[in-house]
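Participant: So the sequence lines, in the order shown, correspond to chains W and P.
Just so you know, we're using my numbering here: the first sequence kicks off at 124 and counts up by one.
Just so you know, we're using my numbering here: the second sequence kicks off at 31 and counts up by one.
These are calculated hints, taken from the structure and not from any lab test.
No residue lacks a Cβ here, since even glycine has one placed at the ideal position from N, Cα and C.
Worth double-checking, as some hints may not be accurate.
To be clear about the criterion: a stretch of chain W counts as covered by chain P if any three or more of its residues have a C-beta under 8 Å from a C-beta of chain P, and this derived list gives those stretches [stated by the list, open to error]:
hint, segment
1, 193-201
2, 335-344
The following label-pair restraints were derived from C-beta to C-beta distances [what the hints assert, rightly or not]:
hint, chain 1, residue 1, chain 2, residue 2, range
3, P, R178, W, A156, 45 to 55 Å
4, W, I221, P, P187, 23 to 33 Å
5, W, A192, P, F188, 28 to 38 Å
6, W, A145, P, V173, 40 to 50 Å
Examples of chain W residues toward chain P, derived with CB under 8 Å [unchecked claim]:
hint, residue
7, E141
8, S143
9, T167
10, A173
11, L174
12, S177
13, A178
14, P185
15, F187
16, M190
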Amino acid sequence: MTTCRAVRRTIDPFVDGELSGAQRLAVARHLDACAECAALVQSTAEIGDALRASADADRALPSFAGMTANVIGRTRAESALSWRAHVAQACDGWHWAIVGSGALAATFISTVLVSAILAFGPAPEREDSLSALIANLGSPPGAMFLCGAPSGSNQDARLFQIDNGTPAASRMTTALAVNSVACRASSEADIVEALATAVTGSSGHVVALDAMHPAERKYIETLLDEIANRRAAQASSATGRTIDVHDLRLVTGMAVVAKAL
Amino acid sequence: MAETTVVKPIRAIAWPNAETGSDWALVQQCNTGDETACARLVADHQRMVYSLALHLLGDAQEAMDLSQEVFLRVFRTLSQFRGQSSLRTWIYRIVVNQASNRQRWWRRRHRSQQIALDDHMAHHGEIAEWRQSAMPDRVLQQVETKDRVQHALAELPFDQRAAIVLREIDGLSYEEIADALGVAVGTVKSRLARARGSLRVALGHQ
């Protein structure tokens with residue numbers, strides 16, 4: 124026995140003729156016995172009748188004259204449009220989607236670019252890096268120093284900074300001169316000992332010049348100069364020849380590597 | 031025992047191109063740029079398109095404009111027609127989509143300009159007042175019934191309205207309605223049930 128509840132679920136398909144033969148027969152049998160469900164079917168059918176009657180009342184169709192010609196004319200005109208017009212037309216209904224996509228793409232590209240710059244961009248430059256070395260090579264040569272003594276005098280060799288051929292006092296020259304004077308007050312053995320102390324670290328190992336503070340390196344260079352000068356002086360007194368200029372050196376920002384004496 | 035005989039009028043479905051027997055041939059001809067074939071396609075379907083547009087939009091001028099837009103759309107996209115559904119169902123689908131778009135657009139643009147019916151009547155008087163004095167009772171009743179039905183139809187949500195119009199006025203099967211609306215058959219059934227429920231209340235068919 125088909126229940127009212129089951130039948131009411133199939134009233135629409137029943138009225139619309141969408142039920143299979145067996146289902147339709149079962150519903151029809153129930154409707155014969157159930158006035159309430161039959162009334163519901165009748166009501167559903169009347170709704171359709173009312174809609175169709177309303178549509179029939181609108182049967183006064185307008186004249187379609189000109190529609191065909193108009194449609195075909197516009198279609199022909201559209202097919203004659205350039206590809207740019209086609210693109211513009213296609214984009215017309217999608218402009219907000221395109222604007223949104225553009226904004227999204229711009230955000231994405233910006234994020235990727237910033238991430239790439241952070242990940243692969245130039246790191247802070249190190250003094251011993253290749254780029255720093257190249258920069259140093261490309262920079263002005265630095266200060267020229269001359270180590271020598273007045274010709275024909277017995278004075279010890281002194282260090283001068285040369286600027287366009289003219290000795291010029293500078294902070295660095297002054298510091299070196301002080302060291303030089305200090306060196307002159309000592310014997311060569313004292314200077315060698317001072318040099319040994321200067322190049323020996325607290326652990327007893329020789330410290331590389333690269334790892335030293337620039338001021339310490341300059342001090343060591345001064346000691347080396349002093350030792351060289353004294354030996355040259357000894358050599359000149361032994362040979363009876365006067366040596367005016369002992370050496371010239373160019374001090375730049377590059378690392379100075381000590382040479383074995 | 032209740033009288034349960036339901037006589038359901040079956041609307042004759044005029045199959046376009048019944049003489050040539052093939053939508054596909056007509057489509058192919060249109061795709062080659064044959065303007066005679068294009069004209070035939072428009073002539074065969076213009077009443078159907080206009081009628082559906084009228085019932086979906088409720089305005090004759092809008093329906094006529096929409097019909098032209100539908101055929102333009104048909105010719106723009108005809109090369110994509112693969113014959114998986116009938117040409118008629120395919121065109122129905124375009125009508126429903128275009129009507130839906132147009133109604134959305136209209137609602138967005140003109141919502142602020144809408145005037146409540148009560149306000150309009152307060153300012154301009156009863157709309158159908160002239161009819162009551164000019165028409166015989168029988169005709170007046172028919173006109174009023176038609177107005178009530180159309181008002182009830184217009185009050186339905188667009189999806190339900192499209193489903194009930196395609197079923198009751200255009201006589202499409204559930205499967206054809208599903209094709210035309212791009213939804214499952216189950217969705218069609220539920221939309222029809224809800225639409226009929228609303229219409230039953232609105233028209234007083236308890």
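Participant: With reference to the structure, classify each hint as holding or not holding.
Facilitator: Taking the hints in turn, this is what the structure says about them:
Counting residues of the segment 193-201 of chain W whose C-beta sits closer than 8 Å to any C-beta of chain P gives 7, which meets the bar of three, so the coverage hint holds. Chain P is given as covering the segment 335-344 of chain W, and this is violated because 0 residues of the stretch bring a CB closer than 8 Å to a CB of that chain, at least three being needed. Between R178/P and A156/W the Cβ separation comes to about 33 Å, which falls outside the hinted range of 45 to 55 Å. For the pair I221/W and P187/P, the beta carbons lie near 30 Å from each other, so the given range of 23 to 33 Å is met.
Between A192/W and F188/P the beta carbon distance is about 31 Å. The supplied range of 28 to 38 Å therefore holds. Hint check: A145/W to V173/P, Cβ distance near 44 Å, so the stated range 40 to 50 Å holds. The beta carbon of E141/W comes within 5 Å of a beta carbon in chain P, closer than 8 Å, and the hint placing it at the interface holds. Hint on S143/W is violated. Least Cβ distance to chain P is approximately 13 Å, over the 8 Å limit.
Checking T167/W against chain P by beta carbon gives a least distance of about 6 Å; that is within 8 Å, so the hint holds. Because the smallest distance between the Cβ of A173/W and any Cβ of chain P comes to about 5 Å, under 8 Å, the interface hint for this residue holds. Hint on L174/W holds. Least Cβ distance to chain P is approximately 4 Å, under the 8 Å limit. Annotation: interface hint on S177/W holds; nearest CB of chain P at approximately 4 Å, less than 8 Å.
Residue-level restraint check for A178/W holds (minimum Cβ-Cβ distance to chain P is 5 Å; threshold 8 Å). With a least beta-carbon distance of about 6 Å to chain P, the hint placing P185/W at the interface is held under the 8 Å criterion. Annotation: F187/W was flagged as interfacial toward chain P, and the flag holds, the nearest CB pair being 5 Å apart, inside 8 Å. Here the hint on M190/W is kept, as its CB sits about 6 Å from the closest CB of chain P, short of 8 Å.
The structure does not agree with the numbered hints 2, 3, 8 stated previously, though it agrees with the rest.
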